[in-house]
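Student: Single-letter residue listing:
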Amino acid sequence: MKRTLVCLIGVFIPFFLIHTYAFPDNPLPQKGSRLPEIKLAVPTAPAQRDYLGLTGDGFFTIADIKAKVVIIEIFSMYCPHCQREAPSVNQLYRTIENSPDAKGTVKLLGIGAGNDSFEVNYFSKTYEVPFPLFEDKDYLIHEQLGKPATPFFMGVRINTQGSHEVFYTHLGGFEGADQFLDEILKGSGLK
Amino acid sequence: MKKNRYLIFLVAVIAFFSMRAIGVSQVPRQDIYNPGLLKPTDSTLKVKVGDPLPDFSLPAVSGGQVSLSQFLGNSNMVISFIPAAWTPVCSDQWPGYNIAKELFDRYNAVLLGISVDNIPTLFAWTNHMGKLWFPVLSDFWPHGAFAQKLGILRSNGVSERAVFIVDKKGIIRYIDVHDINKRPSLGDIVRELEKLEK
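For the protein sequence lines, the chains are A and B, in the order given.
Per this note's numbering, the first sequence starts with residue 1, numbered consecutively.
Per this note's numbering, the second sequence starts with residue 1, numbered consecutively.
Just so you know, not all the hints are guaranteed correct.
Claimed, not checked - Covered by chain B, according to a simulated footprint, are these stretches of chain A (three or more residues, beta-carbon under 8 Å): (1) 77 to 89; (2) 107 to 121.
Stated by the list, open to error - With a cut-off of at most 25 Å between alpha-carbon atoms, the simulated DMTMM-like pairs for lysine to aspartate or glutamate come out as follows: (3) K66(A) with E97(A); (4) K169(B) with D188(B); (5) K169(B) with D105(B); (6) K137(A) with D179(B); (7) K39(B) with D55(B); (8) K68(A) with D182(A); (9) K195(B) with D182(A); (10) K39(B) with E97(A); (11) K48(B) with D176(B); (12) K137(A) with D167(B); (13) K147(A) with D179(B); (14) K182(B) with E135(A); (15) K101(B) with D116(A).
Said to hold, decoys possible - Quick look at which bits of chain B chain A covers, simulated, 3 or more residues with Cβ under 8 Å: (16) 37 to 50; (17) 93 to 99.
Derived by calculation from the structure, the hints in this document are not laboratory data.
Where is the CB? At the ideal position from N, CA and C, for every residue including glycine.
Please put together the full structure from these sequences, using the hints given.
Tutor: The following block contains the structure:
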């Protein structure tokens with residue numbers, strides 16, 4: 001009996017430790033932390049490649065983007081909040097492009113959690129999204145980022161040495177594009 | 001006169017916020033029951049591509065009955081079965097179809113959402129999704145009878161997450177009994193609709 005108990009404990013404890021430490025749930029990105037390595041396919045559209053400052057084919061990471069700050073929206077075509085917020089996020093893009101402080105240094109992109117290319121393109125077309133959207137068909141990036149509810153926004157500062165740091169996170173819609181951009185500029189130190 | 005103006009202003013403000021409330025509707029996270037990871041499929045199909053769709057007449061959340069005969073000779077049909085209201089993947093499926101009406105229209109297809117939940121449950125649940133443009137039908141009583149005819153009623157009494165595409169003649173042209181834990185792609189539905197005569 002005692003032997004069985006010892007055996008059970010001997011099996012259970014390593015299993016528990018392995019499960020807890022080797023396969024932990026990823027945490028949501030925290031301010032001051034680095035993003036997990038997110039790999040996205042280089043867009044085929046030249047305008048989107050130019051916007052992000054990318055060349056060639058294959059994959060890129062957030063730090064490869066030619067910008068001082070990258071705003072990432074995690075969205076889903078199937079999420080009613082994301083549908084409702086789409087015009088506001090488009091307005092954010094226009095506000096960035098019209099801001100002398102932000103144009104060229106702040107870039108915006110979206111990642112469709114659980115959305116394949118058809119669904120991402122349909123969302124983009126339906127809401128006339130002017131910035132690049134990327135698919136995350138199998139939720140791999142969504143899981144890397146701790147499975148945030150959508151829409152979820154992150155501000156990432158790209159440092160000159162090529163490192164990067166999350167300086168801003170926000171769940172849900174935002175009040176206004178001007179205010180949002182102001183928070184991004186102040187939070188990143190660009191203003 | 002001044003009093004009337006205030007009244008109109010008040011009504012306009014209330015109307016604005018009411019419309020906004022409808023627009024932002026989403027099934028609240030705290031009301032979603034998570035059943036965890038389930039066996040991907042748990043039934044045996046009784047129909048196959050090329051078979052006529054078994055007849056059905058089901059009550060709609062919006063009122064009245066919806067029957068196969070209404071669409072024969074007129075429209076193609078996309079039938080989306082979801083397993084259960086108030087569960088994670090299901091709550092994230094129909095809201096996506098809700099912005100895709102023009103895709104269904106393009107292929108002269110009606111979309112029918114079906115669940116084995118009863119009407120009051122479906123009423124409360126779909127209200128949180130905003131206004132759905134397609135009929136939501138209840139296959140509650142006799143319990144899951146239509147799902148049973150198709151062979152997609154699981155052993156615990158809910159249906160599979162399944163998509164059936166049926167042409168204007170009532171012939172089944174596509175069946176996807178999907179992994180219940182995952183959402184079928186809208187792109188797959190559209191690619192199948194492209195093959196049908198409008």
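Student: At least three residues with a C-beta closer than 8 Å to a C-beta of chain A: is that true for the region 93 to 99 of chain B?
Tutor: Three-residue rule met by the region 93 to 99 of chain B, so holds; n is 5.
Student: Could you grab the alpha-carbon distance between K39(B) and E97(A) and see if it respects the 25 Å cut-off?
Tutor: 48 Å, violated
Student: Please verify whether K169(B) and D105(B) have alpha carbons no more than 25 Å apart.
Tutor: Holds - the C-alpha atoms of D105(B) and K169(B) are around 18 Å apart, at most 25 Å.
Student: Mind checking the alpha carbons of K48(B) and D176(B) for me, to see if they're no more than 25 Å apart?
Tutor: 11 Å, holds
Student: Is it true that the CA of K66(A) sits at most 25 Å from the CA of E97(A)?
Tutor: It holds: about 15 Å lies between the C-alpha atoms, which stays within 25 Å.
Student: Does the structure keep K195(B) and D182(A) at a Cα separation of 25 Å or less?
Tutor: Since the Cα atoms of K195(B) and D182(A) sit roughly 50 Å apart, the hinted pair is violated (cutoff 25 Å).
Student: Are K169(B) and D188(B) close enough, with their CA atoms no more than 25 Å apart?
Tutor: 21 Å, holds
Student: Would you check the hint for K147(A) and D179(B), treating anything up to 25 Å between C-alpha atoms as holding?
Tutor: 20 Å, holds
Student: Assess, step by step, whether the Cα of K101(B) is no farther than 25 Å from the Cα of D116(A), and give holds or violated.
Tutor: Holds - the C-alpha atoms of D116(A) and K101(B) are around 19 Å apart, at most 25 Å.
Student: Verify the coverage statement for the region 77 to 89 of chain A against chain B, using a C-beta to C-beta distance below 8 Å and requiring 3 or more qualifying residues.
Tutor: holds (count 7)
Student: Does the region 107 to 121 of chain A contain three or more residues whose Cβ lies closer than 8 Å to a Cβ of chain B?
Tutor: Contact hint for the region 107 to 121 of chain A vs chain B: holds, 5 residues under 8 Å.
Student: Please count how many residues of the region 37 to 50 of chain B have a CB within 8 Å of a CB from chain A and say whether that reaches 3.
Tutor: Coverage by chain A is violated here, the residue count being 0 at a Cβ distance below 8 Å.
Against the hints set out earlier in the document, violations occur for numbers 7, 9, 10, 12 and 16.
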